[in-house]
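Asks: Hints are included, so try docking the two chains, each in its own frame, into the full complex.
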Amino acid sequence: MDQQRRDVLRLGTVLSLAVVAGVLRPEQARSAQEEWNKKAFDGHTVDDVIKAYGGASAADSDKLALTAPDIAENGAVVPVSVVSHLPKTTQLSILVPNNPNALAATFDFPEGALPEVSTRIKMGKTSAIYVLAQADGKFYTTHKEVKVTLGGCGG
Amino acid sequence: MATRPMRIRAVEKDGVVEVKALMSHIMETGQRKDKDGKVIPAHFIDIVQAKCNDKLVLNAQWGPAVSRDPFLAFKFKGGKKGDKLTLSWKDNEGESRTDTTEIR
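So the protein lines, in turn, are chains A and B.
All letters in the first sequence, in the order written, are residues -18 to 136 by this note's numbering.
All letters in the second sequence, in the order written, are residues 689 to 792 by this note's numbering.
Okay, chain B solo, but in the shape it has when bound (with noise of 0.2 Å):
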């Protein structure tokens, strides 16, 4: 299955640089069934990393609980405007996808 861009925004200010960031992906949790009454397996994804400029700024793990199309906010220290910010999530299904921007 093909992977969707993520749409990622990150500004810095006064030395912290804000990302935002929106993925796509289904979250299927594993608990809805279909009209058949079979469980729709679960499918989400499980580990999100950004990195700027290959320094490690956030590790998450996520369980199927969150939204679908996930949306995620944070902020770390240390970058700056033109340094390259990516970031990269896993899937239960061993999908992945890695999307980079620049930080301005």
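Isolated chain A (complex conformation) (with noise of 0.2 Å):
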């Protein structure tokens, strides 16, 4: 009975190492995943988001669509909608550079979610809202400029 109780013990030992040394793979990824990425929302400009997601420079493409107004009225809530054409993407960003952090959101995008996702975000004041996309390893982005006319961010 006893030896059978150390077992028990031994095999859950064995098991909790794996996951520390990450041969239990999907979970110990899942589990970075959830990590929130501070260094990438404390950037204030494209460039700085672009190198905490581990790329160098980010090409501008016509296969992302970003959907947002020319003018908000209320830049406490700006809607935006973001669909990638690019093939493989896996995860796709929506920044405003102007902002005092300029990431707004990330999205990760699993298999079988469809790279196309809507939000609405807080804009300070007139700036252009950026989408940074990662397809294939790769980094690419499009933008488009909208005019704030009541902030959304301080009091």
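One should not assume that every hint holds.
[Unchecked claim] Residues from chain B that keep clear of chain A, each with C-beta distances beyond 10 Å, as calculated: (1) R695; (2) D702; (3) S712; (4) P729; (5) D734; (6) R756; (7) K763; (8) D771; (9) E781; (10) T788.
[What the hints assert, rightly or not] Below, simulated PhoX-like cross-link-like pairs (lysine-lysine); rule was C-alpha separation at most 25 Å, straight line: (11) B:K765 with A:K119; (12) B:K723 with A:K69; (13) B:K739 with B:K769; (14) B:K708 with A:K44; (15) B:K726 with A:K69; (16) A:K106 with B:K723; (17) A:K44 with B:K765; (18) B:K726 with A:K106; (19) B:K739 with A:K69; (20) B:K778 with A:K20; (21) B:K708 with A:K69; (22) B:K701 with A:K69; (23) B:K721 with A:K19; (24) B:K778 with A:K19; (25) A:K69 with B:K743; (26) A:K106 with B:K721.
None of these hints come from the bench; they were simulated from the model.
Heads up, the beta-carbon is just placed ideally off N, CA and C, and yes, glycines get one too.
Replies: Here's what the structure looks like:
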């Protein structure tokens, strides 16, 4: 009986070690993704964010579609839609360089997910909205100027 | 602080499930000051995950620049009517919420 208990304990140790060592990869990878990327969200420019995600530079791409209003009357609620037609798009980020921190949101697409999202963001003042896409390990951007008549940051 | 349920709609059409969700959250930026001039600390949803029957279909990281009471729409393949769509969020103060709906 005692021996059996010992075996169970031993098995538990082996399993947890396997996770630590990264042998059980899917769970491990997921928990790493769940970590909020402070470095990316602290960035002030598009380049800061590209670097935080491990890239060097990004190319302009016409295969990224960004839908946002020309004029946002209320900077606290700016609707933004992004669609990527780049093959193997794994990540889309929405950035506002004139905000206190550039990055607003990042979306990661596991297999099966379509690389298109819509959300609403805040804009402190008139700025370009940038979309940063990661596709097949490379970075691509597109942008659109949005005029803000009433800022959504500060009070 | 109690959290309020999300409103989620998940509709399948031609093999693609479209999800629309409305969350209830203050999304405080950390930039605003109260009437005494003290900075109101940031309080925002930082991680959002969507699962279809336990399979991850979207993983998002947000900053405080996402609007108050966030709206999110996304699409994925592989879900069918009757499947369970689970949406979870977590904020920077450790609060979290999970809601489930059935794909229609």
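Asks: Give a verdict on every hint.
Replies: Hints, verified against the model:
Against the 10 Å criterion, R695 (chain B) stays outside the reach of chain A, whose nearest CB is about 14 Å from its own CB. The Cβ of D702 (chain B) sits about 12 Å from the closest Cβ of chain A, beyond the 10 Å cut-off, so the non-interface label holds. Taking the minimum C-beta to C-beta distance to chain A, about 14 Å, the non-interface status of S712 (chain B) holds against the 10 Å cut. Listed as outside the interface, P729 (chain B) is consistent with that label: its C-beta sits roughly 14 Å from the nearest C-beta of chain A, beyond the 10 Å cut-off.
Taking the minimum C-beta to C-beta distance to chain A, about 5 Å, the non-interface status of D734 (chain B) is violated against the 10 Å cut. Under the 10 Å C-beta cut-off, the non-interface status given to R756 (chain B) relative to chain A is violated; the minimum distance is some 7 Å. Against the 10 Å criterion, K763 (chain B) falls within the reach of chain A, whose nearest CB is about 4 Å from its own CB. The Cβ of D771 (chain B) lies farther than 10 Å from every Cβ of chain A, with a closest approach of about 12 Å, so its non-interface assignment holds.
No Cβ of chain A approaches the Cβ of E781 (chain B) within 10 Å, the least distance being about 12 Å, so the stated non-interface status holds. With a least CB separation of 18 Å from chain A, T788 (chain B) remains clear of the 10 Å interface cut-off, as annotated. Under the criterion of a C-alpha separation no larger than 25 Å, the hint pairing K765 (chain B) with K119 (chain A) is consistent with the structure, at around 24 Å. Taking the CA atoms of K723 (chain B) and K69 (chain A), the gap is near 49 Å; set against the 25 Å cutoff, the hint is violated.
Of the supplied pair hints, the one linking K739 (chain B) and K769 (chain B) holds, its CA atoms being roughly 14 Å apart against a limit of 25 Å. Proposed proximity of K708 (chain B) and K44 (chain A) is supported: the alpha carbons are some 24 Å apart, at most 25 Å. Restraint check for K726 (chain B) and K69 (chain A): not satisfied, since their Cα atoms lie roughly 46 Å apart, outside the 25 Å limit. Proximity of K106 (chain A) to K723 (chain B) is assessed by CA-CA distance (about 22 Å); at most 25 Å being required, the pair is judged to hold.
The straight-line distance between the Cα atoms of K44 (chain A) and K765 (chain B) is roughly 21 Å, inside the 25 Å bound, and the hint therefore holds. For the suggested pair K726 (chain B) and K106 (chain A), the alpha carbons sit about 22 Å apart, so the restraint of at most 25 Å is met. This hinted pair checks out: K739 (chain B) and K69 (chain A) have alpha carbons roughly 20 Å apart, not beyond 25 Å. Restraint check for K778 (chain B) and K20 (chain A): the C-alpha separation of about 18 Å stays at or below 25 Å, so the hint holds.
Note on K708 (chain B) and K69 (chain A): the hinted pairing holds, with a Cα-Cα distance of about 23 Å set against a maximum of 25 Å. This hinted pair checks out: K701 (chain B) and K69 (chain A) have alpha carbons roughly 23 Å apart, not beyond 25 Å. For a cut-off of 25 Å, the pair hint linking K721 (chain B) to K19 (chain A) stands: about 23 Å separates their Cα positions. At most 25 Å may separate the alpha-carbon atoms for a hinted pair to count; K778 (chain B) and K19 (chain A) meet this at roughly 15 Å.
Between K69 (chain A) and K743 (chain B), the direct Cα distance comes to roughly 19 Å. Compliance with the 25 Å bound is thereby established for this hinted pair. For a cut-off of 25 Å, the pair hint linking K106 (chain A) to K721 (chain B) stands: about 18 Å separates their Cα positions.
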